[in-house]
Every structure is written in C-alpha cells, then in structure tokens.
Amino acid sequence: MNIEITIKENVCKAIETLYDKKIEPKQVQIKQIPKHLEGDYSVITFPFAKLIGKKPNEIAAALATQLMEQSKVIANAMSAGPGFCNLSIGDAYWTDFVKEVLTVDAYGQHPSKNETVLVEYSSPNTNKPLHLGHIRNNLLGYATAEILKAAGYDVKKVQIINDRGVHICKSMLAWQKWGNGETPESTGKKGDHLVGHYYVEFEKHFQVEYKAWQTTDAAKEELGKWLANEKKLAKVIKVLTKKGKDTDAPALASHFFKDVYKNKYFNGYSVLGKSAKEMLQKWEANDTDVKALWNKMNGWVYEGFEKTYKTLGVDFDKLYYESQTYLSGKQLVLDELESEKSIFFKKDDGSTWIDLTDAKLDEKVVLRSDGTSMYITQDLGTAALRFKDFKMQKMVYVVGNEQDYHFKVLFETLKRLGHSFADNCHHLSYGMVNLTTGRMKSREGTVVDADHLMADVIANVKAESESREKLAELSEAEKVKIWEAVALGALKFYILKVEPKKSMIFDPKQSIDLQGQTGPYIQNAHVRTQSVQRMVVEKGIELVSYENYELSEVERDILVLVHELPSTIEKAAQNYNPGDIANYLYDLAKEFHKFWGNTTILDAENQAATSFRLDMSKAVAVALKAAGKLIGMHMPDRM
Numbered sequence: 001m002n003i004e005i006t007i008k009e010n011v012c013k014a015i016e017t018l019y020d021k022k023i024e025p026k027q028v029q030i031k032q033i034p035k036h037l038e039g040d041y042s043v044i045t046f047p048f049a050k051l052i053g054k055k056p057n058e059i060a061a062a063l064a065t066q067l068m069e070q071s072k073v074i075a076n077a078m079s080a081g082p083g084f085c086n087l088s089i090g091d092a093y094w095t096d097f098v099k100e101v102l103t104v105d106a107y108g109q110h111p112s113k114n115e116t117v118l119v120e121y122s123s124p125n126t127n128k129p130l131h132l133g134h135i136r137n138n139l140l141g142y143a144t145a146e147i148l149k150a151a152g153y154d155v156k157k158v159q160i161i162n163d164r165g166v167h168i169c170k171s172m173l174a175w176q177k178w179g180n181g182e183t184p185e186s187t188g189k190k191g192d193h194l195v196g197h198y199y200v201e202f203e204k205h206f207q208v209e210y211k212a213w214q215t216t217d218a219a220k221e222e223l224g225k226w227l228a229n230e231k232k233l234a235k236v237i238k239v240l241t242k243k244g245k246d247t248d249a250p251a252l253a254s255h256f257f258k259d260v261y262k263n264k265y266f267n268g269y270s271v272l273g274k275s276a277k278e279m280l281q282k283w284e285a286n287d288t289d290v291k292a293l294w295n296k297m298n299g300w301v302y303e304g305f306e307k308t309y310k311t312l313g314v315d316f317d318k319l320y321y322e323s324q325t326y327l328s329g330k331q332l333v334l335d336e337l338e339s340e341k342s343i344f345f346k347k348d349d350g351s352t353w354i355d356l357t358d359a360k361l362d363e364k365v366v367l368r369s370d371g372t373s374m375y376i377t378q379d380l381g382t383a384a385l386r387f388k389d390f391k392m393q394k395m396v397y398v399v400g401n402e403q404d405y406h407f408k409v410l411f412e413t414l415k416r417l418g419h420s421f422a423d424n425c426h427h428l429s430y431g432m433v434n435l436t437t438g439r440m441k442s443r444e445g446t447v448v449d450a451d452h453l454m455a456d457v458i459a460n461v462k463a464e465s466e467s468r469e470k471l472a473e474l475s476e477a478e479k480v481k482i483w484e485a486v487a488l489g490a491l492k493f494y495i496l497k498v499e500p501k502k503s504m505i506f507d508p509k510q511s512i513d514l515q516g517q518t519g520p521y522i523q524n525a526h527v528r529t530q531s532v533q534r535m536v537v538e539k540g541i542e543l544v545s546y547e548n549y550e551l552s553e554v555e556r557d558i559l560v561l562v563h564e565l566p567s568t569i570e571k572a573a574q575n576y577n578p579g580d581i582a583n584y585l586y587d588l589a590k591e592f593h594k595f596w597g598n599t600t601i602l603d604a605e606n607q608a609a610t611s612f613r614l615d616m617s618k619a620v621a622v623a624l625k626a627a628g629k630l631i632g633m634h635m636p637d638r639m
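Mapping of the sequence shown onto full-length UniProt numbering: position 197 corresponds to residue 197, and the numbering continues sequentially without gaps.
No wet-lab data here; the hints were simulated from the structure. Where a beta carbon is used, it is the ideal one built from N, C-alpha and C, also for glycine. Just so you know, not all the hints are guaranteed correct.
As the list claims (entries may be wrong) - Using C-beta positions, here's what the derived DEER-type ranges look like:
1. A251 x Q207: 14 to 20 Å
2. E284 x L471: 53 to 59 Å
3. D587 x E466: 29 to 35 Å
The whole structure should be built from the sequences, with the hints applied where relevant.
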C-alpha cells in the first residue's frame, strides 16, 4: 500500500474520465506539502496542459472535483494557485494502512531488482586486533549491505584480508624473538590481541635501535644532507610554523628523524628491519618454517576477529586473502601489456605505468622496476576475480577518506580495462572516528580496540540499568541479553547517525543516554509499544473495529512516518547512507514518545480509539524493528 502510487493511479483515472485522455502513472508529478500548509500532497498539472489543451489551473479545479467524487482515499481536494491540485488523505486510508502493516510480510522490503551488488568492508591487517576505526567501517559496510538488500538488490558482503607483507612479518619476528612460545591459551588473551602485542613489541625494540643509531656519524651525515637542501628546508619550516611548532635546530632534527627519515632507516640501516624483510622474502619463497609460523599466528588472529565480528553482529559471504590474490593483479597488467592497444606503458627503468592525466589524475605506477606490484595492482586483480565469482553490476568499497584518490585511480583504470561494472563502482568514503580522549595509534600500543570499547559500553549500560532496577524480575541471562542489545544499539546508532564523510567523536557516556538522539531513546519507544500490549493481555481488554475512527494530528504524523519507511530505504540505498535510516528511526521514535506522553491508550474515550491506538503502536513497532534491523540495531521488549 503506497499512497503516492494510489494518488497517481487515481489521477490517471480522473484524467481519462474528464478528458478521455490516457496517461501513465509515471507521467504524474506529485510532491509532499510542507506540514504548516493545508493538505498532504500536491498534484502538478502543468505537464497535462499541452496534452489536454486547457490551462493548468482549470485542470487543477476539475481534477479536484473528480478526485473527491471517485476516491475514498481523498478526504479533500482543491485547486491551489496556478497549476496545483492539493489533496488531503482521508482517515480511511490510514486505518486500512495500519491493518496492512500488521499483515504484510517484511514491511518496507522492495521487490527484486535482479542486480547483484558487492559491498567490501572491514578488510583488516592480520597483525593487530580491530579498533574503533574498524567499528565505523564494519557498521557502515554491514548497514549499507542490509539497506541494499531491503531495496531489492542481491547483495554479497566481502572483505579482503591483508595477511601478507612486512607489517605482518614484524609481529611474527617479534614473537619469534621475545614470545617464549606464548599462545592465546597460555596467556588467556584473544589471538588477535596476542599478535597485536608483538606488533607493538617490534615497534618498541625498533625505536630503541633507531634512537641509538641517531647518535652515529651515519645519522649525523644524513641529517646534514637534509638540512643542506635549503629549498626543501624552507618549505618544511613554513609548514611547521603554520602548525605552531618550533623550528630551532633540535626541533628540526627531531622532525627529521621522526617524520622524514624513519622509513629510510628501516629499509637501509635497521637490523630489525633487515630481519623482517628477510622473513618476507622467505615467505615469498615458501620457506616451510616461516609459512608454518605465518599460518599459526594468522590462525590466532582469525579466531579473534571472528569473536569480535560476532559481538558486533556483522558477517560476510566471502573472504578474499591478499596472499591468494596479490599475484593476479600483476598477471592482469602483464597480459594487458601484451595487447595491441595496451593502456599500460613501460618507462626506461622497467617500471610499468598508466597515464590518467586526461582524466585529471596523474600517471600511476602499477609495477615497480623489480616487477613487484603496488596496492592498486592488487585491487585491480581482486576486482577482476570478484567479477568472475559473482558477475556483479555494482561494487561498493567502504574505506576511509585517506584513500579517496586511490579509488579515483582504481575506478578509472577498471573503466579503461573494459569492465562492465566499472561505471557503477562507488567508494563509500568516511572520516576518522575518535574518542573524547583523542586519536589512536596502533604501533605505540595506545589504540582503542573494538573489544574493549564494546565491553566498556556494555558495562556502562549494566551499571545504569542496575541503578534503575527495572529488570529485577528477569534472570541474569535475560538481563545480559538486554544490556548487550542496548549497548550495541547505542554504539551503532551513535556512529551511523553521522554522515559518513564527516569525522566524528564517539562519546560512550552520551551514547547510552535515554534522552536525545541516541539508540536507547529509540529502543525505549519500542519498549513502550510492547509494554502496552502486555497490559492488554493482563487486563483482558476487548478490541473492536475502528473503521470510522478520526485520527488526531499526532497519530497522522506517526503513520506518515511509518508509511515513509519503504521510500526511506530506497533513498538510503541510492545515497549509500545508513544515516538516512538512523535519522528515520529517531524521527519515528520522537513522534511516538510525543504521542505516548499526551495520549491515553488503554483508557481512551471509546473502545474504537483504544483499538486503533493499540494497532498503531504495533505498526510503529513493526517499522522500528524493520528499520533497526537494517543498521544491526536490536529492539528489546524491556530495558
């Protein structure tokens, strides 16, 4: 039951009756009337003037009269200005709509569009646990996928696990050197946390080594070369000054060693760096011992990730591993180089490039001079592999905004390679998320990891709940289930209500507030819909027909919002923005709380009013649950 479709069909019928002209519903233009003006929808009659041969205002007047005669859905219709016919929807439509919401399966779901969409999200490294940034990524990816499903797409959730490279070898080397055979079982740590600990250990030992080297003649020579480049130094001083930082000799030396030379030291002088790179070379050569250690430590990480994903409530249809796909991109480039009109070209040093300057991008290297691939090359190969697996029409990459340029290059290159899905690739770019205490860094071990954050929010909800003593009669298991639902609902809503492109600060305390734009505020609206239904059973209230019931303004406002769920889903799918659903949930909850505070339900003026309000409350619950499910937000019956 869709009011826009109903209006359009009625307008088509009225035009045929009045003027003996046939039009299609898609030719009818309607728009919602602002709340402060009279009416609900306005039909625009300008497009009919040429077809019918009459002025738009004459058509609007005749249409208003005809619609009033032929449709019980229209309570009132009038010509409004030149070329508009304003309509008020009758209460009969809304009472019928309530009944439909309560009987239809999967309210809000759209029919199949017969298109496959891949959504890539999470895609972590296997050298550390998931952190707060991963939470935003996973929530955006999961919610986007669920919204696209509800909009009628066949959705495949995928991730590429970054399980190879020197950063993985850092954790492996550190465990080998200082781990003393520790395991998740022997330490009681989740596997991803144990491996992450050794990533931090590597960095600590590396910093000691690096600091000692900075006193050597070699270090002083490198610093001197850098300081001697007056042109570059002037630019550095300008940037540091703009940031309010010191630019005296010690400050410049500190900047050089911390921000300029660190990677060069790792690759050129570091003993630990050399060992990590040697381990990577052994991995690439399929060294038995290195591969065994790699499999063991990655296995620990995967078990840890799986527990985190389960708590967070996200899942995947297929996992891709960089270790299995990184060579496919290289082969793709080599094959394309052999073609007559290759989009790639070689430079004198043997490296392979693509020239994208005509697309207002730069030249981009895809294979180094030694033949090794770049990240872009791996992404090209993985995209081609996924198309082979799923034959998708669209692909959505959920990746932070620091990769904006990378995806412009990737999509343009895929287009030039002739992939049919390339024009429908979308980078769901999102900003950084921090806590009120500031930013995170994983190498120094100060990262805000996902497991601890979720545990803290659950603990906060538990403490708040116990202070209110609302769940005293429930078992401990039932309480835990509710605490987790409220805590994770708070976390998900707080993050997803923010437009993805914006950076944000997550405030754990504010997120669980029962008032304001929070998850618990929305869940409490659902709790109220359930509590009143329990009272009906307890009091044995008899329900009657409400066929001729006259709606109040707030009841109509609530049902308009319930009615908007399908169109909100379509909008969120088109925008790749779960925030549209989060804000819808808040708007609906706010209207229902207003209704709850000002309207009697069980002791209403008559049985018809009680019966209607009870069914309307059920319809609100249906919409809250359906929309909440799309962003992974469970609606408890009590809290």
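Evaluated hints:
Checking the proposed 14 to 20 Å range against A251 and Q207 shows it holds: the Cβ atoms sit about 19 Å from each other. Here the CB-CB span from E284 to L471 is close to 56 Å, well matched to the stated 53 to 59 Å. Against the hinted window of 29 to 35 Å, the Cβ-Cβ separation of D587 and E466 comes to about 31 Å, which satisfies the hint.
Of the hints listed earlier, there is not a single one the structure fails to meet.
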